[in-house]
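Trainee: Listed here are the chains, written in short residue letters.
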Amino acid sequence: MADRTIKVETLTRVEGEGGLYVRLSGDAVDEVRLEIYEPPRLFEALLRGRPLEDTPDITARICGICPVAYQMSSVHALESALDVTASAEIRRLRRLLYCGEWIESHGLHMHLLHAPDFLGFDSGLDMAKQFPDEVNRGLRLKKHGNQLVDMLGGRAIHPVNVCVGGFYRMPRRDEFQKLIPDFEWGLNAAVETTRWVAGFEFPDFETECEYISLSHPDEYPMNEGFIKTSSGDSIEVSHYEDEFQERHVPHSTALQAIRKSTGRPYLLGPLARVNLNREQLSPTARQLADEVGLEPLCKNPHRAIIARGLEIVHAYEEALMIMRGDHPTGKPRESYSYQAGEGMAATEAPRGTLFHRYVIDEAGKIVKAVIIPPTSQNQAQIEADLKQWVTQVISDDEQQTARQCENLVRAYDPCISCSTHFLNVKIERT
Amino acid sequence: MEQEKPRLAVFKFASCDGCQLSLLDAEDQLLAVAGALEIVYFPEATSRMEDGPYDIALVEGSVTTLHDAERIQQIRKDSKYLMTIGACATAGGIQALRNWADTDEFIRAVYAKPEYIQVLESSTPISDHVKVDFELRGCPINQYQLIEVIQSLLAGRKPRTPQHSVCLDCKRRGTVCVTVAQGIACLGPVTQSGCHALCPSYHRGCYGCYGPAPQSNLVSLATHMEKEGDSRTEISHRLHNFNAYAPAFRNESQRLLEQDGE
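Chains as they are written, first to last, in our numbering: chain P, 345 to 774; chain E, 3 to 264.
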């Protein structure tokens with residue numbers, strides 16, 4: 345059989361711009377490339393020389409879908425450089441803010457970007473005509489996430505209230521209380537949503553990979569912890585760059601992350617988090633994971649939508665616990681004085697572990713910034729999984745095969761806007 | 003017979019996706035908007051991708067590659083009404099900071115293999131390349147303003163988006179002036195409204211997300227900040243933000259830096 349190629353010029357229902365290229369010899373896969381043509385924006389370079397206080401506002405602009413993740417990794421890394429320890433109250437509020445982002449981002453991905461693949465629609469908006477209740481419920485969940493980020497962060501996209509040391513101002517008690525009834529409804533709705541997606545028909549498909557996420561002895565990972573791997577390793581965040589490496593491979597112009605010790609790619613994100621931290625899920629989410637039959641170590645990337653549902657349930661339950669608890673009364677932020685130094689931190693963005701490292705000078709200016717977003721780390725694993733998937737979905741109908749490939753890419757919820765300010769990009773269009 | 007609905011397309015250039023997300027974030031109106039329009043091209047939201055002509059094109063992001071400089075020409079040709087959304091599309095975005103720097107040096111600082119990167123020296127607003135019918139400001143845009151502009155287009159009337167400065171909104175919402183009361187530097191007097199004076203209500207100065215308000219007096223504000231003890235470099239830095247390349251901010255930061263260099 346002649347050589348043939350399958351191309352998806354523009355990947356849809358993902359954040360940012362990318363394409364897909366598959367080359368086949370007969371039915372054998374020669375090459376799979378996740379092509380990124382999103383233009384680079386050079387954030388690490390433009391941060392240099394700026395006051396460290398500008399960092400959370402600027403890094404938020406890397407991504408409109410997960411700005412909180414960028415703000416959280418930034419402030420934690422800078423606080424580490426400044427030897428600042430946030431109070432327990434600030435820590436709690438930061439988790440609350442992250443709950444909002446998870447609900448918003450996962451809600452968006454599940455209902456508007458991913459579910460249409462299982463039900464055969466081009467978009468969530470088209471799907472709404474046949475599944476109005478499910479889509480409206482999803483939009484309401486997403487809205488709750490936005491409302492929570494808005495309440496604590498000032499606005500849902502690019503929040504203004506986050507700063508190094510804590511927050512510019514504490515939320516008021518009435519702002520918390522206003523959200524509680526909606527969140528009580530939302531917790532039940534999120535359980536229903538998870539049951540709904542768990543009932544989708546999933547392809548029989550398993551991949552072998554190393555799952556990696558933060559992990560914490562006392563809580564489901566968000567802002568802090570050590571790096572846990574499915575191969576049994578525990579790694580300090582400060583050793584991140586010793587353990588993981590971005591490198592060029594011959595078939596791709598984009599940097600691809602690998603574990604240094606194995607030379608192999610790895611996977612981040614909700615499936616990795618649930619696989620590695622199931623026992624830390626909130627009680628309702630943990631029980632639901634059992635009820636919907638999510639395997640203890642789920643190796644089917646298509647089923648990540650279930651993990652997202654469980655994380656929304658967790659986020660609602662934790663948000664309610666925080667908002668019902670004692671209202672924070674302490675000072676909104678820790679003070680600090682400038683000192684030259686270096687700090688790093690990793691937090692759990694909706695799409696996976698996001699690592700930041702900064703070097704600052706004695707005047708509080710950024711000397712160097714390193715930002716390693718989850719999507720660029722996932723990219724090599726996505727390609728590896730696609731290679732396997734193509735052989736399973738290949739047919740004479742090229743369009744159908746391409747669509748099936750796209751479906752798998754969307755299962756990882758790649759955020760190309762995030763990943764490209766650091767990926768090596770070669771624009772290649774034919 | 004059902005009347006044909008206006009065809010809407012959403013395009014993205016260099017940006018964070020946040021402004022087009024504002025459309026999806028208008029949860030309460032989303033399905034109504036989607037019902038009033040035919041969304042024929044919006045890669046972030048739908049796999050349906052139709053060629054032009056389009057009645058309304060929303061454009062997010064700035065032009066930073068040769069390919070994008072060509073792409074916007076075609077989009078203009080295909081579109082009856084072209085509206086830019088957000089600071090990147092209307093002012094070049096945060097990535098326009100490289101317009102003051104050596105782009106090659108920036109690339110070398112970020113990328114291990116700079117030879118793979120093909121970008122323009124500058125990041126420029128859409129209006130530097132094609133005629134733009136309406137510019138919606140903001141980093142990010144205000145979703146209510148976006149809905150207002152789309153609705154006004156559908157109704158054939160002029161969009162009602164305010165052009166006053168942030169200061170007026172602080173007065174309206176009863177926020178005590180952070181500059182007067184606390185001595186916090188604030189770009190509110192020279193920044194266009196759109197956020198409802200958000201930052202001062204969070205006890206911090208405005209950092210200019212919506213870009214320069216028409217007829218704002220930047221020299222006067224900079225002079226005030228200098229009197230308060232800020233260096234010209236610091237003040238210039240403040241303007242070198244998400245709307246750094248908007249003419250009024252660009253000119254004033256340039257003036258301050260030149261004065262500093264004297």
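Incorrect hints may appear among the rest.
Mimicking PhoX-like on lysine-lysine, the simulated pairs with C-alpha atoms at most 20 Å apart in a straight line are [to be verified]:
1. Lys115/E to Lys82/E
2. Lys731/P to Lys351/P
3. Lys133/E to Lys79/E
4. Lys712/P to Lys115/E
5. Lys731/P to Lys643/P
6. Lys473/P to Lys7/E
Because the hints were derived from the structure by calculation, they are not lab data.
Trainee: Just pull the numbers of the violated hints for me, sorted ascending.
Mentor: 1
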